Amino acid sequence: MGAVTIRPASTHGDLHACVALQLAVWGLDQQDVVPFHQLHTAHEWGGQVLVAEVDGEIAGFCYAFAGKQYGKPALLSHMLAVRPEHRGMGLGAQLKLAQGRWALANGYDLITWTYDPLEAVNATLNINRLGGVVHRYLVNHYGEMDDDLNKGLPSDRLLLEWHLSTPRVQAILQGKETPPAPDAAHLCRVPVGFQRIKGADPSEAMRWRLLVRDELTRALAQGYWITAFTLNEEAGWYGLSPEPA
Numbered sequence: 001m002g003a004v005t006i007r008p009a010s011t012h013g014d015l016h017a018c019v020a021l022q023l024a025v026w027g028l029d030q031q032d033v034v035p036f037h038q039l040h041t042a043h044e045w046g047g048q049v050l051v052a053e054v055d056g057e058i059a060g061f062c063y064a065f066a067g068k069q070y071g072k073p074a075l076l077s078h079m080l081a082v083r084p085e086h087r088g089m090g091l092g093a094q095l096k097l098a099q100g101r102w103a104l105a106n107g108y109d110l111i112t113w114t115y116d117p118l119e120a121v122n123a124t125l126n127i128n129r130l131g132g133v134v135h136r137y138l139v140n141h142y143g144e145m146d147d148d149l150n151k152g153l154p155s156d157r158l159l160l161e162w163h164l165s166t167p168r169v170q171a172i173l174q175g176k177e178t179p180p181a182p183d184a185a186h187l188c189r190v191p192v193g194f195q196r197i198k199g200a201d202p203s204e205a206m207r208w209r210l211l212v213r214d215e216l217t218r219a220l221a222q223g224y225w226i227t228a229f230t231l232n233e234e235a236g237w238y239g240l241s242p243e244p245a
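Each residue of the sequence shown is one higher than the last, beginning at 1 in our numbering.
Read the hints as simulated data drawn from the structure, not as lab findings.
No experiment lies behind these values; they were computed from the predicted model shown.
Where is the CB? At the ideal position from N, CA and C, for every residue including glycine.
Among the clues, some could well be false.
[Unchecked claim] Per label pair, the in silico range of CB-to-CB distance:
#	residue 1	residue 2	range
1	73	200	42 to 50 Å
2	57	36	32 to 40 Å
3	57	193	25 to 33 Å
[To be verified] Calculated cross-link-like contacts (lysine to any residue; reagent style SDA-like; alpha-carbon spacing at most 25 Å):
#	residue 1	residue 2
4	68	89
5	72	203
6	151	23
7	176	109
8	72	38
9	176	7
10	151	203
11	68	135
12	68	122
13	72	40
14	68	245
15	68	41
16	176	121
17	72	112
18	176	89
19	72	135
20	176	101
21	68	176
22	176	110
23	151	26
24	151	81
25	68	23
26	68	155
27	151	109
Make a model of the complete structure from these sequences and hints.
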C-alpha cells in the first residue's frame, strides 16, 4: 500500500485530475462530466473538493456543493470516485470522513447524497461505515443515463442523510467506539454483485430493481428509516427501523 494523503484540492491541476477521474471511473461522455469551472467555483464559494493521493498520484476525489435540506444549510455531496486500481484501500471512507469533519468545521451539520440501492458495497460504506440513514426513495431520479454503470435501467436512488451531530456519527468521525444502530424491525434483501448481474442478465437486473423499489418505497412510506445494512457472500440486507437513531 502506497503513502496516502487526503487533502483539499489546491491547484487547477488537481481539479483537472478530478475531471479525468470522472471519465475513467464512470465511462462518461465529455458532455456529462462536472467540468473544471464548476468544480472550481463550488470549491471556492461554500462547497468542497477533496482529493486522495497515493504516492503523489491523485487516485480519488469527492465533490460537494452548498445547498439546503429541510429549510436549512446542508452540504450536498455529488460525487465520490476512486480509480479501480486503488480500490480496496479504504480511500472512499477516508474521503467521506474528511468531508464530514470539514463540513462540521464550516458550519454544516448535515450532508446528503444519493446512491443506487442495489449497489451493496456503497450501502455498506454509506450506512454501516459512516452511519448514514435513509427515509426517501427516489424513483428514476436522473431519468435515462448512458454511462457504463447506469445505462439500461431506471436510475432509482436512495437519499442518504448524514447527520453529523448525532452521537453515532460523532463517534465515527472521532474514531471512537460506535453506538449500535437501532434494532431493525423490517428487512429488505438486495443481491451481491449487481453490476455482474446486469451484464449477464438485464431482465434479472430489472426484476431486482422493481422488487427492491416496491419493498423499500412501501416501508419508507409507512415511516420506517433505513438504519443498517449487512452483507455476506450471498446477499445484502437493509435493516429498517421506526426511528432514525
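Worksheet item: Honestly, which of those hints from before does the structure not fit?
Response: Violated: hints 2, 4, 5, 21, 25, 27.
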